[in-house]
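S.K.: Chains as they are written, first to last, in this note's numbering: chain Z, 10 to 153; chain F, 10 to 158.
Honestly, the hints are just simulated from the structure, not real lab data. Given the structure is predicted, the values throughout are model-derived calculations rather than measurements.
Computed cross-link-like contacts, DSSO-like style, restricted to lysine-lysine with a CA-CA straight-line distance of at most 27 angstroms:
#1 Lys-72(Z) / Lys-149(F)
#2 Lys-152(Z) / Lys-121(F)
#3 Lys-44(F) / Lys-99(F)
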Amino acid sequence: MTLKEFILSRVQVFFVLVTLILFGSAILGGIYAPEQELHYHHLFSPIIIAAACILPTCVTYYKKEPTPVQYIIRQIIELILIEAVVMFLVQAPPKYSGNEIRFYLILGIMIFIIYVFVEVMTWLQKSRQAKQLTQQLQVFLVKE
Amino acid sequence: MQTRITKIPKDRPELIEIQCHTVSDEVREIVAFVKSRQGQLSCMADEKMYEIAVSDILYIETVDNKSFVYTQGNEYETKQKLYELEEMLKEKRFLRISKSMLLNLMKVSSIKPALNSRFMAELISGEQVVITRKYVADLKKALKGEKAQ
Chain Z
10 MTLKEFILSR VQVFFVLVTL ILFGSAILGG IYAPEQELHY HHLFSPIIIA AACILPTCVT
70 YYKKEPTPVQ YIIRQIIELI LIEAVVMFLV QAPPKYSGNE IRFYLILGIM IFIIYVFVEV
130 MTWLQKSRQA KQLTQQLQVF LVKE
Chain F
10 MQTRITKIPK DRPELIEIQC HTVSDEVREI VAFVKSRQGQ LSCMADEKMY EIAVSDILYI
70 ETVDNKSFVY TQGNEYETKQ KLYELEEMLK EKRFLRISKS MLLNLMKVSS IKPALNSRFM
130 AELISGEQVV ITRKYVADLK KALKGEKAQ
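Turn these sequences into a full structure, and let the hints guide you.
M.R.: Next up, the structure:
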């Protein structure tokens, strides 16, 4: 993968994250804190959080194809860094006052579940793609 | 080097003859190209020359700037560079699947997912080779009968 390709893919992920964070904030805010008033500077929050979450994904950049072990190690480092960034940016709400560890533990588990879920979905999509390629291959071999 | 083409009657066998002062790399390249067009590849194993049928090749791999040809149960070395072989064999259903490997699509039995946006091609010999992310798009095009980039 070239650096240019990697940067382009990160920019795409950044905009997807901004949209999702904005969408999630609007829905969760509307449900749990409808009385909360926002200021203009709050509009920067999705951009800042998305940018902060993109930075750890840079550990997955490679020039030379990594081995499966290197790939898994990089994924683990990426997950740990994302956990750290999100925990640093997100403050425990007042109702968890005095019990912040519990809040951050739940948050950490949630990030882990979402991360694993995304990886599993990606793997399933790849399996479907591989199956499709095998079918195309069989058609190709018959034609030849 | 001059070239000359002479038309001959159908009852005489076709022949390509190269008259040269020395058998240089350039001459060997021309010979290899002609042979590949006829479905053969000149390879070496145990200091002996072999003419391998292109249809028997599973894949060709470059290791330390040397090209190795793999058939079921055998391994040969060839003087040609991978990019030359790629050019020569593209009409024979060979496809580049990584920086260092050319795969004979006719010898693939299935494609499986692998880590890191890659795929794994399982060959009829049971061996598995990695298709790197960069070449997945070319594989899709090749299977659809389109020309790869």
